[in-house]
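Participant: Each chain, letter by letter, is given below.
2 protein chains.
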Amino acid sequence: MTDCDVVVVGAGLAGLAAARRLTATGLRVTVLEARDRVAGRNLGGHLADGVPVEMGGQWIGRPQTEVLKLVDELGLETFPTYDRGDGVTLYRGKVTRYSDETFGLSDDAAVEVGRLQQELEALAEPVSLSSPWASPDAADVDRRTLDEWLRANTDDAEALAFWNAVVPALFSAQPAEMSLLHFLFYIKSGGMIDSLVATTGGAQELRVVGGTHQISERIAAELGDGIVRLGSPVHTIVHDDDHVEVVFDGGSSTAARVVVAVPPTLAGRLRYRPALPGSRDGLTQQIPMGSVIKIQVAYPTPFWRDAGLNGFAFNLDDELGVTLDNSPVDGRCGVLVGFFEGAHARTAAAWTPDERRARAVASLVTLYGPAAADPIDYVEHDWMAEEFTRGCYGGRLGAGVWTQYGSALSEPIGRLHWAGAETSDVWNGYMDGAVRSGYRAAAEVLAATP
Amino acid sequence: MTDCDVVVVGAGLAGLAAARRLTATGLRVTVLEARDRVAGRNLGGHLADGVPVEMGGQWIGRPQTEVLKLVDELGLETFPTYDRGDGVTLYRGKVTRYSDETFGLSDDAAVEVGRLQQELEALAEPVSLSSPWASPDAADVDRRTLDEWLRANTDDAEALAFWNAVVPALFSAQPAEMSLLHFLFYIKSGGMIDSLVATTGGAQELRVVGGTHQISERIAAELGDGIVRLGSPVHTIVHDDDHVEVVFDGGSSTAARVVVAVPPTLAGRLRYRPALPGSRDGLTQQIPMGSVIKIQVAYPTPFWRDAGLNGFAFNLDDELGVTLDNSPVDGRCGVLVGFFEGAHARTAAAWTPDERRARAVASLVTLYGPAAADPIDYVEHDWMAEEFTRGCYGGRLGAGVWTQYGSALSEPIGRLHWAGAETSDVWNGYMDGAVRSGYRAAAEVLAATP
Numbered sequence: 044m045t046d047c048d049v050v051v052v053g054a055g056l057a058g059l060a061a062a063r064r065l066t067a068t069g070l071r072v073t074v075l076e077a078r079d080r081v082a083g084r085n086l087g088g089h090l091a092d093g094v095p096v097e098m099g100g101q102w103i104g105r106p107q108t109e110v111l112k113l114v115d116e117l118g119l120e121t122f123p124t125y126d127r128g129d130g131v132t133l134y135r136g137k138v139t140r141y142s143d144e145t146f147g148l149s150d151d152a153a154v155e156v157g158r159l160q161q162e163l164e165a166l167a168e169p170v171s172l173s174s175p176w177a178s179p180d181a182a183d184v185d186r187r188t189l190d191e192w193l194r195a196n197t198d199d200a201e202a203l204a205f206w207n208a209v210v211p212a213l214f215s216a217q218p219a220e221m222s223l224l225h226f227l228f229y230i231k232s233g234g235m236i237d238s239l240v241a242t243t244g245g246a247q248e249l250r251v252v253g254g255t256h257q258i259s260e261r262i263a264a265e266l267g268d269g270i271v272r273l274g275s276p277v278h279t280i281v282h283d284d285d286h287v288e289v290v291f292d293g294g295s296s297t298a299a300r301v302v303v304a305v306p307p308t309l310a311g312r313l314r315y316r317p318a319l320p321g322s323r324d325g326l327t328q329q330i331p332m333g334s335v336i337k338i339q340v341a342y343p344t345p346f347w348r349d350a351g352l353n354g355f356a357f358n359l360d361d362e363l364g365v366t367l368d369n370s371p372v373d374g375r376c377g378v379l380v381g382f383f384e385g386a387h388a389r390t391a392a393a394w395t396p397d398e399r400r401a402r403a404v405a406s407l408v409t410l411y412g413p414a415a416a417d418p419i420d421y422v423e424h425d426w427m428a429e430e431f432t433r434g435c436y437g438g439r440l441g442a443g444v445w446t447q448y449g450s451a452l453s454e455p456i457g458r459l460h461w462a463g464a465e466t467s468d469v470w471n472g473y474m475d476g477a478v479r480s481g482y483r484a485a486a487e488v489l490a491a492t493p
Numbered sequence: 044m045t046d047c048d049v050v051v052v053g054a055g056l057a058g059l060a061a062a063r064r065l066t067a068t069g070l071r072v073t074v075l076e077a078r079d080r081v082a083g084r085n086l087g088g089h090l091a092d093g094v095p096v097e098m099g100g101q102w103i104g105r106p107q108t109e110v111l112k113l114v115d116e117l118g119l120e121t122f123p124t125y126d127r128g129d130g131v132t133l134y135r136g137k138v139t140r141y142s143d144e145t146f147g148l149s150d151d152a153a154v155e156v157g158r159l160q161q162e163l164e165a166l167a168e169p170v171s172l173s174s175p176w177a178s179p180d181a182a183d184v185d186r187r188t189l190d191e192w193l194r195a196n197t198d199d200a201e202a203l204a205f206w207n208a209v210v211p212a213l214f215s216a217q218p219a220e221m222s223l224l225h226f227l228f229y230i231k232s233g234g235m236i237d238s239l240v241a242t243t244g245g246a247q248e249l250r251v252v253g254g255t256h257q258i259s260e261r262i263a264a265e266l267g268d269g270i271v272r273l274g275s276p277v278h279t280i281v282h283d284d285d286h287v288e289v290v291f292d293g294g295s296s297t298a299a300r301v302v303v304a305v306p307p308t309l310a311g312r313l314r315y316r317p318a319l320p321g322s323r324d325g326l327t328q329q330i331p332m333g334s335v336i337k338i339q340v341a342y343p344t345p346f347w348r349d350a351g352l353n354g355f356a357f358n359l360d361d362e363l364g365v366t367l368d369n370s371p372v373d374g375r376c377g378v379l380v381g382f383f384e385g386a387h388a389r390t391a392a393a394w395t396p397d398e399r400r401a402r403a404v405a406s407l408v409t410l411y412g413p414a415a416a417d418p419i420d421y422v423e424h425d426w427m428a429e430e431f432t433r434g435c436y437g438g439r440l441g442a443g444v445w446t447q448y449g450s451a452l453s454e455p456i457g458r459l460h461w462a463g464a465e466t467s468d469v470w471n472g473y474m475d476g477a478v479r480s481g482y483r484a485a486a487e488v489l490a491a492t493p
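In the order they appear, the protein sequences are chains Z and G.
Position one of the first sequence corresponds to residue 44 (my numbering), numbered consecutively onward.
Position one of the second sequence corresponds to residue 44 (my numbering), numbered consecutively onward.
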C-alpha cells in the first residue's frame, strides 16, 4: 500500500504537465515542490505601481504547440509581443537602426553571419533529436566547442561579436561552454536559428496575458487541494523493485513511481537509495545551468515606439546583451526587458543592484537616447541565486558530454522517471519542451502501470 | 555554546590533515564521514589470498613533501615502485619495447611529442597557481580545450594518440573535457609533465607499505575516540554570523566553523542555509569528477620482470590505457595494476565485471605474452559508482570555468571553509595537494579563531 500512485518532484511546467496527464487517467498523484510557489522558471512579478511583469520565462512561439494547447485549455490568453518598427544594434560605440534582417550589421558582417548560419544549420540537419549521441560523426562534433567552430570558420570580428551575443541570448552561456553538438541539437530542436531568435514568426512572438506563471497556477488549482505540497523540498528518494519513498523536509510519500521534474543539476543533488549508476551521476555532474539576471525597466510611456522603434536591441558592446519591448498589454506604461546573460551575468552578479540599475540605464540611454535616462521603476531577478533553480534558461552540455553520457538524460531507472525542459527532444530548454517532457514521463509511467 | 570548535566534513586526507592541525592547537574538532571507513579516495583492498592491494590513490613522489612528512610522522614506511627494465607501448597492434625516454614511439612521433611537451610547459610557466584566472591571457587560454590546442598544434597521428592516452592517465578525462588553462595549471602545480608521468623521479616513485589508506587510519586513531564519526552523511549546513550547525543522518553538530573537505561536486550537493551565492554554486556545478575503474591482476610471479620488463605499459589501442607493476613489497606474487580511464572508463563501466576481466587479460596478453593469460586473481574498483566520491582521480575544470568561477574554489564564505585536493595550488589533485589543502583550511580557521 502506497500513499499515492505517482510522486512528482517539482511543480514547474514539466512536473505539473505530467501530474495533469496522470490524474486525468485516474491515478493518485502527489506533487512535491520545494518553494512556496509553483511555476519553477516562470515567475510573476510586478512593478511598484502594480503593473505585472514577468521575471522568468515569458515568450511562446506559434510552433510551440503543446504549451499553446495548454494555455488554451486552461483559459489563458495570449497577445503578440510588440514588434512594429525598427530594431537597433550597438557595436563599437555606434548604434545602427535597421528594418531588414541584417540586425544592423555592416554588409560584410551580415553576409558572413548568414553564411555561418547556413553552415551551422547544414551541420544541424542530420543531428538526431532523440539520440544526439548517435548522430553522424557525433564524437567528432561533440569534442569541439561551438567557440572553436566559430573561430575556425570566420575571421570577421563583427560577425564573431554578433554570434558571441546571440549565443548567450539563447543559452545564457558562452560558445566555449557548450559542445558544437549541443548547439546543433538545440537549434534543430527549436526549428533552427531564425525560429529561436525571431519575435514575430519565432520563439518570442506571443506573451500570456497576466503572465506564464498562471499556466502552472491553473494546473495546480485544477489538480485540487492536497495534490501540490508547497514548501516541501525533497532530499532523498528510496527506491526498490516494488515502490518508491520520496522524503522531503517534514515528511515522506510512498508511491509506485516517481517523476523527477527538476533541472538535471538539481536532480543530481538528491540522494538516491540505492545510489544511481555512475553513468547517470556523471551526467548530472555535467549539465550546468545558464547564467542570467533578468531586468525590467519601466517608463511612463513606451517612448521608443513614437520613434518608430520596436524596442529590440542587440548590444555587442556591454553587459546588457538584449532588450525587448515588454510593455503591458494595455499600454499603460512602457517597459523594456533586458538580460545580463552568460559571462555578462557572472560579471553583473558581482555588482550591487544599484550598480546594475545604473549600468543598465546607461546602456539604454546609449541605445534609445536621453528619454531612457529616467525610468520610473526597475526590478530584477538573479536566477543563479535561486536555490531551487540555480540558473536559467536551462542546462547545457559541454564538450564530450552528449556522446559519453547523453543516453542517461531521460532513460528511466527502475521506478524513477526524468522530466524537465532539458530532457525534451523538441523545443529543448523551452516551456514547450518542459510540457512535452512531462507528457513523455507521464506516458512512461502509464505504460508501466498495470 | 557549540558542541565543538570546528566540524570537518569528510574523513579523507584533506579533512583529516585539517583535523590533525586543528586538534594540535587544542581546538575541539568533530569529523563527520559519510562512509563506514576513513581515507576517501585511498582504499585498501586485498586479493583472495590476503595479499594487500590498493584500490585507490597509491603513489607518492619525492617532491610531494607534505604527504611524505605525514607518512613519516605517522610511522609508515615507503618503498620504491618496481621500475627496473624496459617499458612497452602498444600502438596499432604493435608492441614496442623501450629503455629510453621515447615511450616506444617512432622517432618522428617521439620528437613531436617532445616538441608539444616543451610548448605546453612554456605556456604553463606564466600560469598563476594561486590565481589561475589572473594568468596572462587567461580568458583566451581558458576558452580553448586542451583537445583543440593539441589538434591545432600537430598533425602527427601517433603523437596525438600518445597525448590522448597520457591525458586520461593523468586526469581520468579526455583532452576535450578540460580547458587548456586547467591543463596548464595542473601540470605546473605538479612540477610539469615529466614529474607527473614518471615513476622514478616522478609522482609514481614510492608506495606505502600496507597501503596509503593507513595515513588516514592512523590520523583517525591519533585523533582519538569520538572525534571521527563514521556512517554520518552530512546533508545540510546551517550557518550564520555566530556559528554553524552541520546536520547529518541521525544528528547534528554545532561549531564555530566548518571545513568542507569533500570533492567540489559533492560539496555542491549539500544544502546550505542560507543558500550559497550563485558564484559558488555555479562553480560546483562545473567540476565533474574524472572517470576510472582501477583493476589489479595477480599472477603467481611477476613474470615480466624475468623478461627484463618493468611492468609499465602505455596502451594506445584499447581501453586498458596504462599498466604498472604493483606487486607486493615482499614479492610473494606478481601484480599488474591497470586503469580504464576517461572515455575508456565510461565504456568499460557498461561491461560486466567478467567482461572487464576478459578484456583486461586480453590486453595484458597482447602486452606481455601468453604468460599473462592465466591470472590467479582479479579485483577491481569502479570509482564512478562510489556514492560518496563519484569519480577519481579528481575534479577538472572545463572551458571557461577557471576564469569565470575559479576564485570561488577555496575562498571561505563566512564560517564555511573549503578543503580537498581540488583546492590546492601545489600538487592539485594528488594526495599531497589534499594534505596541503587541509593545512590551508586549518590555517584559515586558526587565523579567524579568537
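A couple of the hints might just be wrong.
Stated by the list, open to error - Covered, in the sense of this in silico footprint (three residues per stretch, anywhere, with C-beta under 8 Å from a C-beta of chain Z), are these stretches of chain G:
id : stretch
1  : 187 to 200
2  : 303 to 313
3  : 321 to 327
4  : 331 to 338
5  : 385 to 393
6  : 439 to 451
For the record, the hints were derived by calculation from the structure and aren't laboratory data.
Please read these numbers as outputs of a predicted model, since none were measured by experiment.
Backbone N, C-alpha and C fix where the C-beta goes; we use that ideal spot for every residue, glycine too.
Participant: Does each hint fit the structure? Answer for all of them.
Facilitator: Outcome of the hint check:
no.: 1; hint: 187 to 200; in the structure: holds (count 4)
no.: 2; hint: 303 to 313; in the structure: holds (count 3)
no.: 3; hint: 321 to 327; in the structure: holds (count 4)
no.: 4; hint: 331 to 338; in the structure: holds (count 3)
no.: 5; hint: 385 to 393; in the structure: holds (count 4)
no.: 6; hint: 439 to 451; in the structure: holds (count 5)
In this structure, none of the earlier numbered hints is contradicted; all agree with it.
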